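Colleague: Residue numbers (the working numbering), protein chains in the order written: chain A, 1 to 152; chain B, 1 to 109.
Please keep in mind that the hints were generated in silico from the structure rather than gathered at the bench. Accuracy of the hints is not assured; some may be wrong.
Sample of chain B residues lacking proximity to chain A, with all beta carbon distances greater than 10 angstroms (derived) [said to hold, decoys possible]:
1. 61
2. 94
3. 102
Cβ pair distances, simulated, as ranges [said to hold, decoys possible]:
4. 5(B) / 43(A): 21 to 29 angstroms
5. 102(B) / 78(A): 18 to 26 angstroms
6. 38(B) / 61(A): 26 to 34 angstroms
7. 8(B) / 29(A): 21 to 29 angstroms
8. 42(A) / 56(B): 45 to 53 angstroms
9. 61(A) / 5(B): 34 to 42 angstroms
10. 40(B) / 75(A): 31 to 39 angstroms
11. 43(B) / 41(A): 40 to 48 angstroms
12. 61(A) / 35(B): 20 to 28 angstroms
All values derive from a computational prediction rather than experimental measurement. The beta-carbon is built from N, C-alpha and C at its ideal position, and this holds for glycine as well.
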Amino acid sequence: MTAFLRRRSLLQGLAGGAFVLVAPRALADLGSRLDAALAERFGERRPEQGGVELELSRLVENGNSVAVTVRASPDEPTPAALHLFMPRNPEPWGTSFQVAPPALAEFSTRIRLAGTQDVMAVAEWADGRLGATAVSVMVTLGACADDLYLEF
Amino acid sequence: MTLSARVRLPQQARSGEVVEIRTLVSHPMETGFRVDSFGRRIPRRILTRFSCRYAERLIIDMELRPGISANPYLAFRFVADRSGEIELRWQGDQGEELVERGHLEVTPA
Chain A
1 MTAFLRRRSL LQGLAGGAFV LVAPRALADL GSRLDAALAE RFGERRPEQG GVELELSRLV
61 ENGNSVAVTV RASPDEPTPA ALHLFMPRNP EPWGTSFQVA PPALAEFSTR IRLAGTQDVM
121 AVAEWADGRL GATAVSVMVT LGACADDLYL EF
Chain B
1 MTLSARVRLP QQARSGEVVE IRTLVSHPME TGFRVDSFGR RIPRRILTRF SCRYAERLII
61 DMELRPGISA NPYLAFRFVA DRSGEIELRW QGDQGEELVE RGHLEVTPA
């Protein structure tokens, strides 16, 4: 009985606490976090829509390991690099993949997601042009929940 | 720490064929954002760079950040256009390095 009560109050405490800590930040400045990450990589340049394909699940249970595939659109010339951004992660810049022929502009890897967010893939061509595609991913359990308490 | 990798390299291909390389390295990819049970920050330790050379050409050069999962998996493809050595290289922020080599024999299409 006491064990049951203790567990219940603990769960309620956790749920309440998590909401208070996470909610304000999650809604606030995701856009500016992404913008800062893009500025760090690309300076003044900002991507236009399209030119790159991003494959990943819309709903993932565990943010510690999320399979993702990035490739340049088939109708585009081969880009010089592909980049991945996860705006809600403690560090939004995920990876940069520089590619040269005869390699194809395509890679698959696994990423961490600290929570529900719009993952963005950016293709960068040699002439400086940028193209981007974003996919909304709902994450049930974020990668290392500690992150949220440190960063959010 | 010694790194170890499981790698699937193509050994033979016809000229013009698209071949795939798949790799999996054992590495914690510690983000530097986590804390231990005493509240102390666990220092960052990640692989920072992966590259692939094929027949004397650098075809892939990838920067890895903490957003890449532990035990990084990577798959990519390229067009087999000539016989040559394939060299995969991972580098970590502690100075660790792992190199895997293979040979791809390309026959005329």
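Colleague: Could you tell me which of the numbered hints above are not met by this structure, giving the numbers in increasing order?
Modeller: 1, 4, 7, 8, 9, 10 and 11
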